[in-house]
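Asks: Could you put together the complete structure from these sequences and hints?
Chains as they are written, first to last, in our numbering: chain C, 10 to 136; chain B, 14 to 585; chain U, -16 to 417.
No lab work stands behind these hints: they were computed from the structure.
Quick caveat: nothing in here was measured; it's all calculated off a predicted structure.
Misleading hints may appear alongside valid ones.
Rough simulated footprint, nothing fancy, chain B against chain U, three-plus residues with beta-carbon under 8 Å [unchecked claim]: (1) 101 to 112; (2) 119 to 133; (3) 261 to 275; (4) 288 to 299.
For glycine and all other residues, C-beta sits at the position ideal for the given N, C-alpha and C.
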Amino acid sequence: MKIKANLISGRTADQGAHLEAKTHKGYFDACAYCELNSADLERLGVSEGDSLKVTTEFGEVVVFAKANNGNPEGLAFIPMGPWANAVLNPDTHGCGMPGFKGVPAEIEATEEKPLEMKALMRKYLED
Amino acid sequence: MSEILIKNASVCDPTQGINCEAMDICIRDGKIVDSVSGNAKVIDAEGKLTMAGGFDGHTHSAGKINVGRFMNPNDARKNLVPGLSGQVARTEKTRAQVGYNTPNTYAIGYRYAKLGYTTICEAAIPLLAARHTHEEFKEIPILDKMGLSLFGSNWQVMEYIRDKEPEKLAAYIAWGLKASRGYGVKIVNPGGGEAWGWGRNVSGLYDPVPNFDVTPAEILMGLAEANERLQLPHSVHVHCNNLGKPGNYATTIETMKLFENVKPSRDRQALHVTHVQFNAYAGTSWRDFETGAPMVADYVNGADHLTFDLGQVIFGPAVTMTADGPVEYANARMLHEKWSNQDIELEDASGVVPLFYSPKSFVNAVQWAIGLELALLVKDPWKIMFTTDSPNGGSFVNYPEAFTYLMSAKRREEVISGFSKMALDRMVLPGIDRELDFYELAVMTRSAQSKMYSMPEKGNLKVGSDADIAIYDLLPGQVDPSTEYAKVKKAFSGAAYTLKGGEIVVKDGEIEATPKGKTYWVNAKVPESIDAAMQKDIDLKFRKYYTVSKANYMVEDSYIQKPVEIDTEGVF
Amino acid sequence: MPVIKDAVCSLCGSLCDDITVTVEDNKITKVENACILGHSKFVGMFEHDRIETPMIRKDGELVPVSYEEAIEAAAKILVNSRRTLSYGWCSTSCEAVSGAIQLAEETGSVIDSTANVCHGPSALAAQEKGSPSASLGEIKNRADVIVFWGCNPVHAHPRHMSRYSSFSKGFFTEKGRKGRTMVVIDVRKTDTAKLADNYVEIEQGSDLLLITALRSIVNGHEDVIPETVAGVPKAEIIALAETLKNAKFVCIFFGMGVTQSRSKYKNGDAVSSLISDLNQHTKAVMIGMRGHYNVTGFGQVATWETGFPMAIDFARGYPYYNPGETGANDLLVREEPDAAIIAAADAGAHFPQKAVRHLAKIPVIQIDPYANPTTEIADVVIPAAVVGIEAEGTAYRMDAISLRMKKLIDSKFKTDEEIVKDLTAKVRELKRGA
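Replies: Printed below as a string of structure tokens:
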């Protein structure tokens, strides 16, 4: 079951508290997830902690599912960081700022596990 | 021990009453001395016009100017005065340069030096943001610097005046100068900065500041009293209320009159009024707007307690930047221009708005005329400091252009011939024949400042003074500034030599060396007990109202490059 | 056991300067007044993954080398490069920034700050319409209506509301939160929104529409507004406009929701215009919630030294500025740089994949105290002292007020200032030799 969502990224306190500890598991926990309204998680057939694959025009990434009923249905949030950036829009539309908010995404449940930070970065070296 | 001998200079030094006389100047270790040995390096001035380095006593060149740079990136590419503006790649000796009205810091240093200027005074330092000014000072090469600290809408100041505590007020001024490493007391639209905190303004000298129960007149008198009690080297430096409003010449004269009974504690004026052009407007609206310069000049001619500077307009793009927040908002709305504002908690306001002065606009034409009318109608040049309130009236790189207006009626006529009839009806300039000579120009750009700021070692070529010298490619006996104004402009646009502290920094209009300049600031001594009482009051302000700790407020020593501390003793 | 008061926290743009730090045996063991972010900065640093030694990547792996070797390798990269991107410089002092700009000028590089992915659009907005702003104490002492538009201070600037805004008490605002109306405008109900008196939820990407609608009402043209704008009913928009107009002093704090969403810098442009319109009725200002503690400082230093706040290209020998062309992400997406220095910021973590892919291909010099995603793709790594703890220097708060950060403990690490100086000297030496 795939759902379409509008993907945004942004700061969280936990992400910020790990700005200088990005090699720690705490950073992984703070950033490698996608927040959706519970109704959307239900549609996907997942519970919190299950893996989701998020795919956009620009890439795909596997992250954990998290519920946030502050999100309207159809709005997905991934904290700023390498997991979010795997799928966000690099185009700056002629003004310098990439597209960190408002990227159309497809989300589905997956058995794959989210990559740890180093493994995710290593993929860039392999490309 | 480095010695220089300047031979065959045609010296113009009004401080010593020397008017284009052939002289030699001896320099040792950065100072002018009586004589030098045979080992001295010789500069043959070849009869050229030689003055002390120029002293710009009111320029916006460090601090608020950064807002101007930031919001006007288009200014960076402007090259309206080739050689003194635009983008210039880095060289062996110089950093990269940009800009016209809001040049980068390196360009400011190089370009003033090319004009033969060696000292600048930043017109307005907000106390809380003073560190920023000094950071910029550090990156301005060559020039000696100082700045005027803002006090005119400051909560502690207003409270002390309201509560009639003149001694604590003086202690606060002394502390504020130390905190900001300022040189003097700046007052902008007194009380208006606080009113602007609520989007309002004060309408004149007797309009009370909302919530503080003081009037602008009381603020002015309170600060003047403190200034003289502390025996500060400069008088209070005042940007009058109602700047930019038709009819404001009355406020200006009223303000000047207020100071008639203020006794200066030093050998200088009791009051300096700044950029009076913007405050010499008659009429009741823009429709019947006309010059108020004759009335102001009239008063000034009969007064002996004040000095003022022009705020001369230069046609073309300019950037207005001032602590007069309400004026800037009004400018932006009226001219449909972009608007920046930066109010500073407990202290003052500010705004920045780019604009364009056009000879085709009758208002701008009259503004241009007013500056010159003031310079030419006031008889005594020692009362006048030449400025454009750079870049409010226009960039300082246009000073040489402006000098031709002062020295040549013919040049003025050329410009005036492009004005509309409506403009001509509103000004008196066309009827003025007077032309300033080099001597009077030197007074307005050097010697007057030496006295105004109580800096005997600046603005003149006396033995003992700093060897800050400008040699211009002009032979005073052989050039007629009245008709050969193009030659005059060219010569003042790029000195044959500029020396700073005895070092050649400019030769044939090009930068030769970029030594670091000094920063002058005033440390006024106040009795321990009064200071302690004042500290208690400001401790409360920091605890409850400021958003920074008192411990972090004062500008630290490390920010002041080559500091020169001027000590004064308060009288209590 | 020294207890240092009034230390300046070097993490976020709030730049709190009331931090009390206890130092024992050259370690910070206790910190008071800091939020979770500050706590991580001061105390957490002793648990973080510090880069202990300079390293060079050899055969795919980073191996320890001497400082001199690392400087030489880095300088060689710069000297051999035809198009270097120098990026970051925001979690460091103004003094280091100044050195970095000089290095960029001498090597003809492009130098850009984290504003490229944060408030760069706010700079563009200010360049269109101006920046009608005030120092934070003006808000504390006067503001009775506070709007958080597209920002989430509970998470990004945790002490902002108590020190400067919603909960602060000042001269004219003795009632604190009770005397204020707090409005949050966002696309989802964030933790900050939960604290609002008025939460306005908008359709993601439609900020410009709502700002324009507000302007129309403020300027007396509510008749042109449709029944719904940005997903918000007209009546609600009118009520919001009334709240703003009838304030004694309104401040709009704005963040990434404004700068990163569709319309990007045009959103900030519109907010600036709205502020100007509001000042016809009341007193209004706007303040950008700057993320890194000294991104504002980079902007200030760059502006006074080069005329431009960011995205500065020195290839011509003089500063050239054209965001969209000279921004860090612009250059990387065009695959233009053949080398990069990334200092005091983490492009590896915070740039989109296409940009990072290019960085992974070119030689990258990293200068940072901590190992992070950029380290994974860096070729020369030089560890630096932590500014604000192991090194002093100047930083600018989000409202452009500067403070001096203190040195609280000693460290073996060179400061960013020193590293840049050494790098510049080496570059000059190599160029002379060539």
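Asks: Okay, which hints does this one fail, numbers in order?
Replies: Failing hints: none at all.
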